[in-house]
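Asker: Between the sequences and the hints, there should be enough to build the whole structure, so can you do that?
Listed below are the residues making up each chain.
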Amino acid sequence: MDLNIVWFILITVLFTGFFILEGFDYGVGMMMIGRPKNERSQFVRAIGPVWDGNEVWMITAGGATFAAFPHVYATMFSTFYLALFLMLLALIMRGVAFELRGKLQYSDWINFWDFGIMFGSLVPALLWGVAVVNLLRGLPINYEMHYVGTFFDLLNPCALVGGIFFVLLFAFHGANFLALKIADKALVEDLQRKATCLGITTLIIYVMFAAVAAVDTDILAKLSTVIFLGISIGALIASCAAAHAGNACKAFISSTLGIAFLTIGFFNALFPRLMVSSISPEWSLNIYNAASTPHTLTLMTIAALIFVPIVLIYQAWSYKIFKERVTASDVHY
Amino acid sequence: MDALILSRLQFAITTIYHFLFVPVTLGLSIFVALLETWYINSGSYEERVKLKKLVKFFGTIFLINFAMGVVTGIVQEFHFGMNWSEYARFMGDIFGAPLALEALTAFFIESTFIGLWIFGWDKLSEKLHCLCIWIVAFGSNLSAFWILVANSFMQHPVGYAIEDGRAVMKDFVELVTNPYVVGEYSHALFAGITTGGFLVIVVSAWKIATDEASREMFIRTMRRAVLYTMLGVLGVMGSGHMHAQYLAEANPMKLASFEALWETENPAPFAVVADINQEAGRNDFEILIPKMFSFMVHNSFSGEVKGINDLQREAVEKYGSGYYIPNDVRGMFWSFRAMVGSGGALLLIVFVTGVLVFFCRDKIREHLCCLKFMPILLPLPFIANSAGWYIAEAGRQPWIVVGLQKTALAVSPNLSAGEVWITLIGFTAIYLFLAVLAVFAAVMFIRRTKITSEE
Numbered sequence: 003m004d005l006n007i008v009w010f011i012l013i014t015v016l017f018t019g020f021f022i023l024e025g026f027d028y029g030v031g032m033m034m035i036g037r038p039k040n041e042r043s044q045f046v047r048a049i050g051p052v053w054d055g056n057e058v059w060m061i062t063a064g065g066a067t068f069a070a071f072p073h074v075y076a077t078m079f080s081t082f083y084l085a086l087f088l089m090l091l092a093l094i095m096r097g098v099a100f101e102l103r104g105k106l107q108y109s110d111w112i113n114f115w116d117f118g119i120m121f122g123s124l125v126p127a128l129l130w131g132v133a134v135v136n137l138l139r140g141l142p143i144n145y146e147m148h149y150v151g152t153f154f155d156l157l158n159p160c161a162l163v164g165g166i167f168f169v170l171l172f173a174f175h176g177a178n179f180l181a182l183k184i185a186d187k188a189l190v191e192d193l194q195r196k197a198t199c200l201g202i203t204t205l206i207i208y209v210m211f212a213a214v215a216a217v218d219t220d221i222l223a224k225l226s227t228v229i230f231l232g233i234s235i236g237a238l239i240a241s242c243a244a245a246h247a248g249n250a251c252k253a254f255i256s257s258t259l260g261i262a263f264l265t266i267g268f269f270n271a272l273f274p275r276l277m278v279s280s281i282s283p284e285w286s287l288n289i290y291n292a293a294s295t296p297h298t299l300t301l302m303t304i305a306a307l308i309f310v311p312i313v314l315i316y317q318a319w320s321y322k323i324f325k326e327r328v329t330a331s332d333v334h335y
Numbered sequence: 015m016d017a018l019i020l021s022r023l024q025f026a027i028t029t030i031y032h033f034l035f036v037p038v039t040l041g042l043s044i045f046v047a048l049l050e051t052w053y054i055n056s057g058s059y060e061e062r063v064k065l066k067k068l069v070k071f072f073g074t075i076f077l078i079n080f081a082m083g084v085v086t087g088i089v090q091e092f093h094f095g096m097n098w099s100e101y102a103r104f105m106g107d108i109f110g111a112p113l114a115l116e117a118l119t120a121f122f123i124e125s126t127f128i129g130l131w132i133f134g135w136d137k138l139s140e141k142l143h144c145l146c147i148w149i150v151a152f153g154s155n156l157s158a159f160w161i162l163v164a165n166s167f168m169q170h171p172v173g174y175a176i177e178d179g180r181a182v183m184k185d186f187v188e189l190v191t192n193p194y195v196v197g198e199y200s201h202a203l204f205a206g207i208t209t210g211g212f213l214v215i216v217v218s219a220w221k222i223a224t225d226e227a228s229r230e231m232f233i234r235t236m237r238r239a240v241l242y243t244m245l246g247v248l249g250v251m252g253s254g255h256m257h258a259q260y261l262a263e264a265n266p267m268k269l270a271s272f273e274a275l276w277e278t279e280n281p282a283p284f285a286v287v288a289d290i291n292q293e294a295g296r297n298d299f300e301i302l303i304p305k306m307f308s309f310m311v312h313n314s315f316s317g318e319v320k321g322i323n324d325l326q327r328e329a330v331e332k333y334g335s336g337y338y339i340p341n342d343v344r345g346m347f348w349s350f351r352a353m354v355g356s357g358g359a360l361l362l363i364v365f366v367t368g369v370l371v372f373f374c375r376d377k378i379r380e381h382l383c384c385l386k387f388m389p390i391l392l393p394l395p396f397i398a399n400s401a402g403w404y405i406a407e408a409g410r411q412p413w414i415v416v417g418l419q420k421t422a423l424a425v426s427p428n429l430s431a432g433e434v435w436i437t438l439i440g441f442t443a444i445y446l447f448l449a450v451l452a453v454f455a456a457v458m459f460i461r462r463t464k465i466t467s468e469e
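Chains as they are written, first to last, in this note's numbering: chain F, 3 to 335; chain C, 15 to 469.
What the hints contain is simulated information worked out from the structure, not anything from laboratory work.
What you were told as hints is all true, and nothing was included just to trick you.
Quick look at which bits of chain C chain F covers, simulated, 3 or more residues with Cβ under 8 Å:
#: 1; stretch: 72-82
#: 2; stretch: 181-192
#: 3; stretch: 424-430
The calculated PhoX-like cross-link candidates involving lysine-lysine, where the alpha carbons are at most 25 Å apart (straight line), are:
#: 4; chain 1: F; residue 1: K105; chain 2: C; residue 2: K70
#: 5; chain 1: C; residue 1: K464; chain 2: C; residue 2: K70
#: 6; chain 1: C; residue 1: K137; chain 2: F; residue 2: K187
#: 7; chain 1: C; residue 1: K66; chain 2: C; residue 2: K464
#: 8; chain 1: F; residue 1: K322; chain 2: C; residue 2: K70
#: 9; chain 1: C; residue 1: K137; chain 2: F; residue 2: K105
#: 10; chain 1: F; residue 1: K252; chain 2: F; residue 2: K322
#: 11; chain 1: F; residue 1: K187; chain 2: F; residue 2: K322
#: 12; chain 1: C; residue 1: K141; chain 2: F; residue 2: K325
#: 13; chain 1: F; residue 1: K105; chain 2: C; residue 2: K464
#: 14; chain 1: F; residue 1: K325; chain 2: C; residue 2: K137
#: 15; chain 1: C; residue 1: K67; chain 2: F; residue 2: K105
#: 16; chain 1: C; residue 1: K70; chain 2: F; residue 2: K325
#: 17; chain 1: F; residue 1: K322; chain 2: C; residue 2: K137
#: 18; chain 1: F; residue 1: K105; chain 2: C; residue 2: K66
#: 19; chain 1: F; residue 1: K105; chain 2: C; residue 2: K386
#: 20; chain 1: F; residue 1: K322; chain 2: C; residue 2: K141
#: 21; chain 1: F; residue 1: K252; chain 2: F; residue 2: K325
#: 22; chain 1: C; residue 1: K137; chain 2: C; residue 2: K66
#: 23; chain 1: C; residue 1: K67; chain 2: C; residue 2: K141
#: 24; chain 1: C; residue 1: K386; chain 2: C; residue 2: K464
#: 25; chain 1: C; residue 1: K66; chain 2: C; residue 2: K141
Chain C side only, calculated, beta carbon under 10 Å to chain F, not exhaustive:
#: 26; residue: T86
#: 27; residue: F92
#: 28; residue: G95
#: 29; residue: Y101
#: 30; residue: G106
#: 31; residue: A114
#: 32; residue: K137
#: 33; residue: E433
#: 34; residue: Y445
#: 35; residue: L451
Here the structure is a predicted model, which is why all the values come from computation and not from measurement.
Ideal Cβ placement from N, Cα and C applies to all residues, glycine included.
Answerer: Written as structure tokens, this is what we have:
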């Protein structure tokens, strides 16, 4: 197996980690919508110790793409220029909000920052959905790897439905996470009811989407992709059923698997390409024409094989430290 | 204005804004770690209660600043692809590695252990909790190291080759041991210690003046902060001097530009004030200290220093016709004086404050009104930091990577001026808005928090 394939797998791993971990962070942010202040505070406390570490999965996925496939980084980030700008605004608001919301006790202050968290969770989820669909459908990329479309080409109906799908999926995943982390039984039951509804809606869109994509794109051309996405749908169905039955642990593990296999299926469908040109297949960016030199890839492989396991160990340890459920009395820290 | 100049402006604004918070993070993380070490080694119960409050007090200021640094840092990582895609293509093989290593080795530990530190007071043993903040401090400073490795390559490329029209890495060890890194990193680290330490001094001064109940603890804090800041100021001056001498060989154009020395001279004078005429390539008016510039570069009152016009001729010979002089010599010249002036003022202020808290402790009460107004001096280290980066980056122009790629060829070709206007205005607006709210939250917190022995 050559290093380019190793790096394709590593990028897949990083994005999978990102979608699983930030997926529930975004979801928790979205579940705050329409809730009273004390519940919102408990939700924030549930991800308080870990959200920042989770966000670094995205930063690392971006940095690793830059190091391993610089052309993909260059083309992708310049293509999604305004979309990424919106995402950055959202992430800036969210990150500052987590820190500042508890610093003053006026309700307007807290409400404002909670709005920042909700906005800052919803918008990135939506935009990642839009991006994923656009990447699958292909983008007008010319022979110089430059995007020649406009911002509004990215907002096609299909991509927007993809955005809504990601919003629902992450909200579902976040509700499952909260059902694991909140101590208040009545609140957990309510969350699980919401999770079930969200899960069913997500699944309906998912299946419709897969059907449309099968006709519209080459996403289901490989049998392996069909299998990965099948496992993903199966896991989400199991998660829905578990949420409905009140089994929070099983529900969360299943939605985690659902997101993981969705991400794997997505990258598997792209392989060996990373960005598809809708103008000419020859102009697509793939793991060879977009890659760094073997020297850099070797160096980065060694670094990744050493540090990714270390990161996993101490992040797992941090989850263990904060494994207890959050109660209403925890929210002042 | 076109997408290029707007992208440059945007990068300058977001970088300078980001670097308001970074030095505080670098310096204050270490200071809070020192405070907590003091706390866990302290004796009496009363003392422990107060010290714990003190750690949390400066910890909270640190966290507000840290959050601002983190969110503005994400923008920086995205920028290289968003606005500078051709730079990313040309440099990805070299530049991506330190950036990815920064995320892998530094951001992960910073972000995970800061969570453990904030929420772990009752869940971790005292020693383990203290270790967490040390790890955060280590992670922050390691992250600065990686990004300065990347920046140093842009200033002074080493360990590379040009293949198929792009720069490729030939020797990673050479990349990280780039002599340019030594100057940049030590200068940034000491600037961080100065900035973080001075922030503690200013906050303590204000609390001493306005909060009688907490006065005693803040006098003790101030003593420590004075020593810490003094170390920073002296370090920043020493490393700066060293780096300027190194620039004479590594990037003489930058050195000559921020001193506005147009012609090669031996011995070269130092211009205190100059009216710079960049079009004509000379100063229309200047006040000079004879031989001083030679002394700064060579530690001796004789010795040649190359001038801008001669360096321009050399550059034309080397790279072909073109204008190789940084396009804002005036801005660089005055930025350098703002930086050195702020640094000198800081040295004096910290020294006087030190005399007050160490040798005239019983007279502090007579000077409360001076201490109360000390916060108006807080901009000094921030002015120095921003001016310093302005010199470093403006002095790199017209290159984005010195000698290898011009800034004008690095910008993303698909961007329109309109798109960059939107993001430029958007980032600037949200940055100003958040700065107001963050400062407001910090001031309210500082005002109401008392460090007493009552639980």
